[in-house]
Amino acid sequence: MSTADLVRLTLALLLYAVSMLGAVIVTGRVVRRRRARHDARLAAEARPYLMELTGGDADVREPLRRLAALDRRRWKAVQPSATSLLGKVSGHAHAALVRLFEERGIARDALCDLTRRGAVRRAAAAHVLGLMRHAEAVPALVRLLADRNPEVRAVAARALGQVGAPEAAGPLLECLAEGGRVPFDLVAQSLIRIGPAARPALGRALAHPDPAVRALAAEVLGLIGSVGSVAALVRALSVDPSVDVRTRAARSLGRLGTPACLAALTDATGLAHPQAVRAEAAGALGDIGAAGAVPALRALLPDYHYRVAHNAALSLTRLGPAAEAALREVAGGALGVRAAGHAREALAVLALAEGRLARPAPAP
Amino acid sequence: MSAAALAASGAVDAPAVLDALAGGVRWLLAACSGAVVVYFVCVNTSYLVLIALAAWDSVHYHRRLAFTGYDDIYANPLNPAITVIMPAYNEEAGIVEAVRAMLSLRYPAFEIVVVDDGSRDGTFERLREEYGLVEVERVLPDDIPTRGRVLSTHVPAAGPTSLLVVRKANSGRADALNVGINFARHPLVCMVDADSLLDPGSLLSVAKPFADDPLRVVATGGVIRIANGCEVVAGRVTKVRMPRSWLVRIQVIEYLRAFLLGRTGWSRLGGLLIISGAFGLFRRDVVVEIGGLDPDSIGEDAELVTRLHRYMRDRGRDYRIVFVSEPVSWTEAPSSLAVLARQRRRWSRGLAELAWKHRGMFGNPRYGRIGMIALPYYVIFELCAPLVSVSGLVLVPLGVLVGAVDLAFAGVVMLASYGYSLLVAFVALAVEEYAFHRYTRWRDLGAAALAALAENVGYRQFNAWWGVQGIFAALRRTKQVWGVMTREGFSAQGGPAGGKKR
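Respectively, the protein sequence lines represent chains A and B. Numbered continuously in our numbering, the first sequence closes out at residue 1198. Numbered continuously in our numbering, the second sequence closes out at residue 506.
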């Protein structure tokens, strides 16, 4: 075969391939649309029963019986809506949906799927069990925190939070050690969902050798309002070797807002502390809202570090008349030009909040 | 001794020397023509590989969609807040709609910073009227050095709308973005164009990789699609339609192949080098560490990403830069040849300048896949493509003219080469249809197929010429000019609404 023949053959093959691709695109579209219409019709038939099931009626036997008896094809069409509802409803509606899922054997199948070979299958199973808040799944979900696939680990961590099992708090915190097997924010959210029951594990975690675990514990203790942990957080703010842990401890103390927090945060604004901690402490003093913080915050306005001075100025906008008076004094130049700029910015924020800045007249 | 000198000395027969010379030229022309064909086979094959990777990525994404937990991102109190930075220069026509659309994005905590880069039209006045802006003093943080002087800062008088408008002296897009980064209060900064229309869930999608892998992800890029012809209501693309102009239709195919699927493929390979300036999300602390955007670069978005790669690899830090293929940011594509030519010259020049500035990374194993694969690919297959293409346009007809290349053979080779390009475009269309199916009308599908065919006739050749002009502009180091970018704006019917952008 000559080169010219080879090129001609190539051209013919290319044209054939393009034509086939065109046919695949058109056929794919036709099939997809037909299937979508069919699924929509089947889902529409079952949807009234789903609404009845989750509508809050005490007697849900009839819609439950109807939905449990749906054949495989019809259930497949309505399952996405049912699963989506499971994550959005609570109380009786959630209990009714869980019953439906159990009657259809979904919980049983999902428990089996947790150990399947395919990562997508394991993750999907963990997702459904989490939405069902299936307490029996907790040991298996805890084991999945060490899964080889990061997506499976993440879904398992989220599911444990949704189940709300206190025994999962320790394993969740351990996930963050040595580089973190699960994202920080996700573990934090799960621990927040577990709530006060996670407090003992979080308290112990403040002494964990891994700084990421300590940082998470410091953050979550503030978010769940653990006032009993103030002393431990104050200690973390003062002596922890990790700047991240100290920063998060400062933020949490601002959220908790006890008198001990005020003293510790005031101290943390001092020059002996790293800049990130000082800036966070300056902001946290505003969260507490105690007028006693005004002198310390006023002294921070000329600070060389923008974030420290800026956070101090914004905190002063939340501390009442004494703070406003301090801002006016500094805006007049009492502490220099730099501090005056921050003070004027803060006064503008106050004026905006109180509607004292006039809206501009409309253009003629 | 040269052939001419030999002939002059009478040592050999002059006609024989000239024949030998002509034979040599013919051989050279034939060899060059062959090389051009091989080059374009390689270019198209590389596209096929990238599209295959993108298709695999899409399957991966859709199989996991059910349990990705987007609602959880929304509910998480530790979710990182975002500052959306929108530089604007003479955007009077669409600025209000753009800001309104941005303010209604679905994300738990974000602020908008509009940087009016010395507009000479009513950009600021339109914003002032719409949002009742009042001037307030803001202390400018000096995290990144900037050039243009900040004239004033403004916020809405009524309520805590998270909008800040910064007025500054004109100093270019990159510097305007640097000013915006300085003013940004949140840990993530999203850079968008003032004429970008974001899908409502865009911020959630581009922020998801930061939530999934917070320690390593430093930047994410969103896909850009063309909004011309689409129906836009209140700053949202509500109906996706193919544009009426064939020039823009061809760009739709080009964006699909190169920007959506090509970049998704590169992201899979860990070699994403370009995040469009029209939609990218970055960790603010890292951008500040590297000194922000380079105001002297005409391709500042790609330069920023390349510098990020360089910085992280130089320090041996583990990091990821990710491309998110859905949802999207919509932008208006040039609808006239003159504007398109300016855009393509700018892109080509930007790539040439980037390659020169970071030439130390080229083929350097220290920079891993970026130095060994991505950067060489961009130089060989993107930057040099216009040069090879224009050479082919000159050499092949010349070869035919001097008898070095057989006309019929050249014709069949050319058709085969166009056929291969068409095949690549159809594969891209097939992936679009199965993974995203944005164009729902049959007529749009037909128009896309025809545009894929038409791309090879004229469009590619003009593109190559503009690319060559851009490369020469970079070599001559002429003054960088962004050029006037005529915008038609968006309207409810997808028709023109007027307005201009620099």
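Derived by calculation from the structure, the hints in this document are not laboratory data. Some hints could be false.
[Said to hold, decoys possible] Below, simulated DSSO-like cross-link-like pairs (lysine-lysine); rule was C-alpha separation at most 30 angstroms, straight line: (1) K212(B) / K922(A); (2) K243(B) / K212(B); (3) K910(A) / K212(B); (4) K922(A) / K361(B); (5) K922(A) / K910(A); (6) K910(A) / K243(B).
**Report entry** Numbered hints the structure breaks, given as an ascending list
**Finding:** 4
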